[in-house]
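> Quick mapping for you: the protein sequence lines, in order, are chains A and B.
The opening position of the first sequence corresponds to residue 1 in the numbering used here, with each subsequent residue numbered one higher.
The opening position of the second sequence corresponds to residue 1 in the numbering used here, with each subsequent residue numbered one higher.
Source of the hints: derived by calculation from the structure; they are not laboratory data.
Because the structure is a prediction, the values reported are computed rather than measured.
Don't take each hint at face value.
Using 25 Å as the maximum straight-line C-alpha spacing, the simulated DMTMM-like pairs for lysine to aspartate or glutamate come out as follows [unchecked claim]:
(1) A:K49 with B:D96
(2) A:K49 with A:E64
(3) B:K106 with B:E52
(4) B:K106 with A:D54
(5) A:K61 with A:E20
(6) A:K58 with B:D96
(7) B:K106 with A:E15
(8) B:K13 with B:D96
(9) B:K57 with B:D96
(10) A:K61 with A:D85
(11) B:K106 with B:E75
(12) A:K58 with A:E88
(13) B:K106 with B:E82
(14) A:K58 with A:E15
(15) B:K106 with A:E66
(16) A:K71 with A:D54
(17) A:K71 with A:E88
(18) A:K49 with A:D85
(19) A:K49 with A:E20
(20) A:K61 with A:E15
(21) A:K69 with A:D54
(22) A:K105 with B:E82
(23) B:K106 with A:E64
(24) A:K71 with A:E20
(25) B:K106 with B:D96
(26) B:K106 with A:D85
(27) B:K57 with A:E15
Chain by chain, the residues:
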Amino acid sequence: AQSVSQHNHHVILSEAASLELGCNYSYGGTVNLFWYVQYPGQHLQLLLKYFSGDPLVKGIKGFEAEFIKSKFSFNLRKPSVQWSDTAEYFCAVNARGNNRLAFGKGNQVVVIP
Amino acid sequence: KAGVTQTPRYLIKTRGQQVTLSCSPISGHRSVSWYQQTPGQGLQFLFEYFSETQRNKGNFPGRFSGRQFSNSRSEMNVSTLELGDSALYLCASSLDSSGDRGVNEKLFFGSGTQLSVL
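When you get a sec, could you build the whole thing from the sequences and use the hints?
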């Protein structure tokens with residue numbers, strides 16, 4: 001079964017700072033990779049996904065993530081955060097051909113104006 | 001297009017009771033999955049239904065069960081509730097138009113049902 005690790009559960013940043021959230025997974029086969037975001041009081045929304053092709057994936061709201069297969073990683077980045085990026089961010093993985101998602105524990109990100 | 005709808009939004013039950021949660025997927029979506037979200041364990045997969053059949057199951061005890069109806073709406077049931085069952089229960093739907101899990105699908109989540117067991 002797949003497992004996902006996210007470090008630095010709580011992250012506090014000032015506006016305009018850069019953000020990088022780490023995500024490592026363990027699974028020997030082909031995977032699909034996702035980042036989901038949960039804004040305060042809202043449901044989980046897909047930020048970006050990687051199925052195949054260019055390992056650098058661009059998502060909504062200026063976020064991007066890079067899949068490094070050799071490192072089993074899919075780190076999320078944003079060059080300059082805004083107060084509205086305050087949210088919980090979840091990395092998720094599923095084995096190709098299986099809708100069962102394994103989630104990391106999440107990163108609670110607080111952006112201070 | 002309406003999103004994934006879960007009812008009720010909040011539930012309070014006592015130990016030993018049972019509970020039924022409901023999920024209406026996005027129109028046309030055929031796959032429905034359920035997840036449990038707690039502060040300690042994060043999001044954990046419960047089960048997935050497709051065409052009224054359980055297609056995938058997580059590592060939860062038999063007290064957790066579900067079903068899917070012909071219109072793709074799904075229910076999950078938890079019997080003999082325990083304090084540790086207090087959680088946000090999330091439903092997610094996906095199109096999966098071919099029924100082939102080799103097709104990589106995006107999940108759309110509902111807002112969840114917050115269950116508190118006293």
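> Run every hint past the structure and note whether it holds.
Quick rundown of the hints versus the structure:
A threshold of 25 Å between alpha carbons decides the hint, and for K49 (chain A) with D96 (chain B) the separation of about 17 Å falls inside it, so the pair holds. With a C-alpha separation of about 10 Å, the suggested pair K49 (chain A) and E64 (chain A) falls inside the 25 Å cut-off, and the hint holds. Using a Cα cut-off of 25 Å, the hinted pair K106 (chain B) and E52 (chain B) holds, with the two alpha carbons roughly 20 Å apart. At most 25 Å may separate the alpha-carbon atoms for a hinted pair to count; K106 (chain B) and D54 (chain A) meet this at roughly 18 Å.
With a C-alpha separation of about 14 Å, the suggested pairing of K61 (chain A) with E20 (chain A) holds against the 25 Å cut-off. Under the criterion of a C-alpha separation no larger than 25 Å, the hint pairing K58 (chain A) with D96 (chain B) is consistent with the structure, at around 24 Å. A C-alpha spacing of about 30 Å is found between K106 (chain B) and E15 (chain A), which places the hinted pair above 25 Å, so the restraint is violated. Of the pairs offered as hints, the one joining K13 (chain B) and D96 (chain B) is violated, with about 34 Å between alpha carbons and a cut-off of 25 Å exceeded.
Among the hinted pairs, K57 (chain B) with D96 (chain B) is consistent with the structure: their alpha-carbon atoms are about 17 Å apart, no more than 25 Å. Taking the CA atoms of K61 (chain A) and D85 (chain A), the gap is about 9 Å. The hint holds against a cut of 25 Å. Proposed proximity of K106 (chain B) and E75 (chain B) is supported: the alpha carbons are some 21 Å apart, at most 25 Å. The hinted pair formed by K58 (chain A) and E88 (chain A) meets the criterion: a straight-line CA distance of about 19 Å does not exceed 25 Å.
In summary, the hint linking K106 (chain B) to E82 (chain B) is not supported, as the alpha carbons are separated by about 32 Å, beyond the 25 Å threshold. Note on K58 (chain A) and E15 (chain A): the hinted pairing holds, with a Cα-Cα distance of about 21 Å set against a maximum of 25 Å. Simply put, K106 (chain B) and E66 (chain A) have alpha-carbon atoms about 19 Å apart, close enough for the 25 Å limit, and the pair holds. Between the alpha carbons of K71 (chain A) and D54 (chain A) the distance comes to roughly 16 Å, so the proposed pair stays at or under 25 Å and holds.
Of the supplied pair hints, the one linking K71 (chain A) and E88 (chain A) holds, its CA atoms being roughly 24 Å apart against a limit of 25 Å. Proximity of K49 (chain A) to D85 (chain A) is assessed by CA-CA distance (about 18 Å); at most 25 Å being required, the pair is judged to hold. About 16 Å separates the Cα atoms of K49 (chain A) and E20 (chain A), which keeps this hinted pair within 25 Å; it holds. Between K61 (chain A) and E15 (chain A) the alpha-carbon distance is near 14 Å, which keeps this suggested pair within the 25 Å criterion.
The suggested pairing of K69 (chain A) with D54 (chain A) holds, with an alpha-carbon distance near 12 Å, which does not exceed 25 Å. Only pairs whose Cα atoms come within 25 Å are accepted, and K105 (chain A) paired with E82 (chain B) is accepted, the gap being roughly 23 Å. Between K106 (chain B) and E64 (chain A) the CA atoms are separated by roughly 17 Å; this keeps the pair inside 25 Å, and the hint holds. Restraint check for K71 (chain A) and E20 (chain A): satisfied, since their Cα atoms lie roughly 16 Å apart, inside the 25 Å limit.
At most 25 Å may separate the alpha-carbon atoms for a hinted pair to count; K106 (chain B) and D96 (chain B) meet this at roughly 9 Å. For the hint pairing K106 (chain B) with D85 (chain A), the CA-to-CA distance comes to about 22 Å; that is within 25 Å, so the pair holds. Using a Cα cut-off of 25 Å, the hinted pair K57 (chain B) and E15 (chain A) is violated, with the two alpha carbons roughly 42 Å apart.
Consistency note: the structure conflicts with the earlier hints numbered 7, 8, 13, 27.
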